[in-house]
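The residues making up each chain are set out below.
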Amino acid sequence: MTSILVFVEHKNGAPRRASLEALGAACATGLTPIALATGPGAANAAAPLSAAGAKKLVVVTGADSYSPDGAAADVVAAVKSHGAVAFLAAASSTGKDLLGRVAGLLDCAPLSDCTSLTYAGGTFTVQRPILAGKAIVTAQSQSAIFCATLRPNTFAVATGSGSAEVVSVASAGGKVTVTGVAAKGDAKLDVKEAPVVVSGGRGLREAAGFKIVEDLASAFGNAAVGASRAVVDSHWRPHGEQVGQTGKTVAPQLYIAVGISGAIQHLAGMRTSKVIVAINKDAAAPIFKVADYGIVGDAFEIVPALTEAVKKAKAAN
Amino acid sequence: MKIIACVKRVPLTDAQVKVGADGASIDSTGLVYSLSFYDDLAVEEAIKTKEKLGGEVTVLTLGSSDASKELRECLAKGADNATILLDPNWAARDARSTAKALAARVKELGGELVFCGRVATDRDQSAVGPMLSAYLGWACVTDVIKLELTATGGTAQRETESGIETVSFPLPAVITCDKGLNEPRLAGLKGIMAAKKKTIDETAPVAVDAAVKVLKVELPAARKAGRIVGEGAAAVPALIDALRNEAKVL
Ligand SMILES: Cc1cc2nc3c(=O)[nH]c(=O)nc-3n(C[C@H](O)[C@H](O)[C@H](O)COP(=O)(O)OP(=O)(O)OC[C@H]3O[C@@H](n4cnc5c(N)ncnc54)[C@H](O)[C@@H]3O)c2cc1C
Ligand SMILES: Cc1cc2nc3c(=O)[nH]c(=O)nc-3n(C[C@H](O)[C@H](O)[C@H](O)COP(=O)(O)OP(=O)(O)OC[C@H]3O[C@@H](n4cnc5c(N)ncnc54)[C@H](O)[C@@H]3O)c2cc1C
Numbered sequence: 001m002t003s004i005l006v007f008v009e010h011k012n013g014a015p016r017r018a019s020l021e022a023l024g025a026a027c028a029t030g031l032t033p034i035a036l037a038t039g040p041g042a043a044n045a046a047a048p049l050s051a052a053g054a055k056k057l058v059v060v061t062g063a064d065s066y067s068p069d070g071a072a073a074d075v076v077a078a079v080k081s082h083g084a085v086a087f088l089a090a091a092s093s094t095g096k097d098l099l100g101r102v103a104g105l106l107d108c109a110p111l112s113d114c115t116s117l118t119y120a121g122g123t124f125t126v127q128r129p130i131l132a133g134k135a136i137v138t139a140q141s142q143s144a145i146f147c148a149t150l151r152p153n154t155f156a157v158a159t160g161s162g163s164a165e166v167v168s169v170a171s172a173g174g175k176v177t178v179t180g181v182a183a184k185g186d187a188k189l190d191v192k193e194a195p196v197v198v199s200g201g202r203g204l205r206e207a208a209g210f211k212i213v214e215d216l217a218s219a220f221g222n223a224a225v226g227a228s229r230a231v232v233d234s235h236w237r238p239h240g241e242q243v244g245q246t247g248k249t250v251a252p253q254l255y256i257a258v259g260i261s262g263a264i265q266h267l268a269g270m271r272t273s274k275v276i277v278a279i280n281k282d283a284a285a286p287i288f289k290v291a292d293y294g295i296v297g298d299a300f301e302i303v304p305a306l307t308e309a310v311k312k313a314k315a316a317n
Numbered sequence: 318m319k320i321i322a323c324v325k326r327v328p329l330t331d332a333q334v335k336v337g338a339d340g341a342s343i344d345s346t347g348l349v350y351s352l353s354f355y356d357d358l359a360v361e362e363a364i365k366t367k368e369k370l371g372g373e374v375t376v377l378t379l380g381s382s383d384a385s386k387e388l389r390e391c392l393a394k395g396a397d398n399a400t401i402l403l404d405p406n407w408a409a410r411d412a413r414s415t416a417k418a419l420a421a422r423v424k425e426l427g428g429e430l431v432f433c434g435r436v437a438t439d440r441d442q443s444a445v446g447p448m449l450s451a452y453l454g455w456a457c458v459t460d461v462i463k464l465e466l467t468a469t470g471g472t473a474q475r476e477t478e479s480g481i482e483t484v485s486f487p488l489p490a491v492i493t494c495d496k497g498l499n500e501p502r503l504a505g506l507k508g509i510m511a512a513k514k515k516t517i518d519e520t521a522p523v524a525v526d527a528a529v530k531v532l533k534v535e536l537p538a539a540r541k542a543g544r545i546v547g548e549g550a551a552a553v554p555a556l557i558d559a560l561r562n563e564a565k566v567l
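Those sequence lines, one after another, are chains A and B.
Counting along the first sequence from 1, when you hit position 22 you're at 22 in the working numbering, and nothing is skipped either side.
Counting along the second sequence from 1, when you hit position 183 you're at 500 in the working numbering, and nothing is skipped either side.
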């Protein structure tokens, strides 16, 4: 059976949702999906990956601290030994980092951050946004092995049956080593992967103004806080929260923009969100052009009321 | 140390996009170009590194001779040399053919440290830097927000979904620069005058066939028209109702 290799990011064997989505996209091609996981606890991923459609799991051993070039070499070895026709990963920071390395080692043309993927007649076709989402390209790779990353929150997770065969291989190791990670608190979801994102802009007046945004995010329970570049440049919020062309691209179920005008560079980072809500005191703000629902008015009055209403709605569920 | 900064000209981020007549390209008439946001960071980091560790900075682009304007700005800021790998059809190159051509030139120049941007803000691939490292057989660290270098290696910090990673690496290396790494300097008058006298190298890149076939370029579907549900806190119940019963996201 022709196979497709999916790199799975995980924490002690619990796969990241974006990786399960990439596995789902692999399942949808009809090819045999093989997952590859590296690092401590990788073997624990067998059950969740089987449940999400993996037919085989390659566990890379000996890679106790992550090496990006080592991981790329391990992926390439697995692609070759299985005769896989494609390599997929989530378009996360790790996945994007891996893609260029793997494509270079295989001498294939990569396609990153794809928003659709089809496989027909032996050829993969993708869609991907360019120019910060201002245009969508439909493209094919003519390389021997198709290499791509897939945008999180865009592809469906599959359901599998049976249990994936597990094989272990030793890591080749690499030149670059991750020596430490200053983790953000476990409770803090990343803006790229959270199902709900509440973002604030200059309309919040000062860093302390973000309290109302943080409260709304915690009322949802599954929300991350995002920010416009204006507030990141003013050092109100860390750059990791910036949404837009020079920040992160997000596609959550629900994006709430509070006191954000909706500059084209900001829209680039969030316009593919499923539902967009805008709260802005200026009815002519461009953000309302992309919003599904808008409330015109003062954020400091509206957001606390919304927070209470969300809490009630959640409690009633 | 031989330091190279790879830079790309891209349309300004606020550019309006029109699809070309063939339906598979971008109509470039009227587009105004500048260096990609992150490539300014790459140039700054290259010059800072030279100032600290000594050496020579070359800015390298694969593109058209129009790039000489931006390259001269880099020279004015403190780069020593500039090279254009001339390809009138550069926009049709894919990340692979770009990376291969850059790798060949980096080898010819005897480069030991290459700075790239995290991503070029037109095609948004984030691929050229790590691909270049694979073709050179070098170490590579992407999305770097903090960098400490010695003559033989260094440590870097990069931001990921799970937190800030600290990474150690040996030289030679490719580093891709993310926002936060530095604040690019402006060119001074003395630099601008000196840069006018410098020559910009123009040579042909190695030919590599494109392996990405663009079938279609289209504008994104307009979002379905939304609506203002109301004004002030009084509109909150209407919003909750819409999110719950219409959009079904609550
Ligand atoms: C190369 C480049 C890259 C860029 N990349 C990005 C990027 O990645 N992300 C990004 O976001 N921007 C980016 N920008 C910047 C972008 O152009 C805008 O400047 C920025 O998005 C504006 O941020 P803002 O909406 O918070 O602020 P403003 O544009 O100042 O908007 C503030 C809004 O708040 C509203 N407001 C004020 N008070 C209240 C109140 N009490 N209640 C409710 N609403 C209120 C105002 O009506 C206004 O609409 C980039 C720009 C360039 C040139
Ligand atoms: C309409 C159209 C659509 C296209 N769509 C795609 C597509 O979807 N996928 C695809 O692979 N190709 C596409 N191409 C080809 C596209 O030009 C390449 O993607 C590009 O050469 C490399 O990717 P990038 O620009 O995103 O660079 P990135 O990989 O994002 O660049 C990262 C860094 O590499 C360096 N770098 C990149 N390019 C150069 C350069 N020319 N000179 C010097 N340094 C450079 C810079 O430091 C830059 O910051 C398309 C071309 C056209 C005309």
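Worth flagging that the hints you see were computed from the coordinates, not collected in a lab.
Incorrect hints may have been included.
[Unchecked claim] Under the rule of at most 27 Å between Cα atoms (straight-line distance), these lysine-lysine pairs were calculated in the DSSO-like manner:
#, chain 1, residue 1, chain 2, residue 2
1, B, K463, A, K188
2, B, K365, A, K289
3, A, K175, B, K507
4, A, K175, B, K424
5, B, K565, A, K184
6, B, K463, A, K184
7, B, K507, A, K289
8, A, K175, B, K335
9, B, K565, A, K175
[Unchecked claim] Residues from chain B that keep clear of chain A, each with C-beta distances beyond 10 Å, as calculated:
#, residue
10, V334
11, E373
12, R440
13, G446
14, I462
15, T483
16, L506
17, A564
Predicted model, so just to flag it, every value in this text is computed and none were measured.
C-beta: ideal position from N, C-alpha, C; glycine also.
Tested hints:
1. B:K463 / A:K188: holds, 22 Å
2. B:K365 / A:K289: Cα-Cα ~43 Å, so violated.
3. A:K175 / B:K507: At roughly 41 Å apart (the allowed maximum being 27 Å), B:K507 and A:K175 break the hint.
4. A:K175 / B:K424: holds, 19 Å
5. B:K565 / A:K184: violated, 30 Å
6. B:K463 / A:K184: Holds - the C-alpha atoms of A:K184 and B:K463 are around 18 Å apart, at most 27 Å.
7. B:K507 / A:K289: violated, 47 Å
8. A:K175 / B:K335: Outside the cut-off at roughly 44 Å; violated.
9. B:K565 / A:K175: violated, 48 Å
10. V334: B:V334 is in fact no farther than 10 Å from some Cβ atom of chain A, at 4 Å.
11. E373: holds, 24 Å
12. R440: violated, 5 Å
13. G446: violated, 7 Å
14. I462: violated, 7 Å
15. T483: violated, 4 Å
16. L506: holds, 27 Å
17. A564: For B:A564, whose nearest Cβ neighbour in chain A is about 5 Å away, the distance does not exceed 10 Å, so it is violated.
When held up to the earlier numbered hints, the structure conflicts with 2, 3, 5, 7, 8, 9, 10, 12, 13, 14, 15, 17 and fits the remainder.
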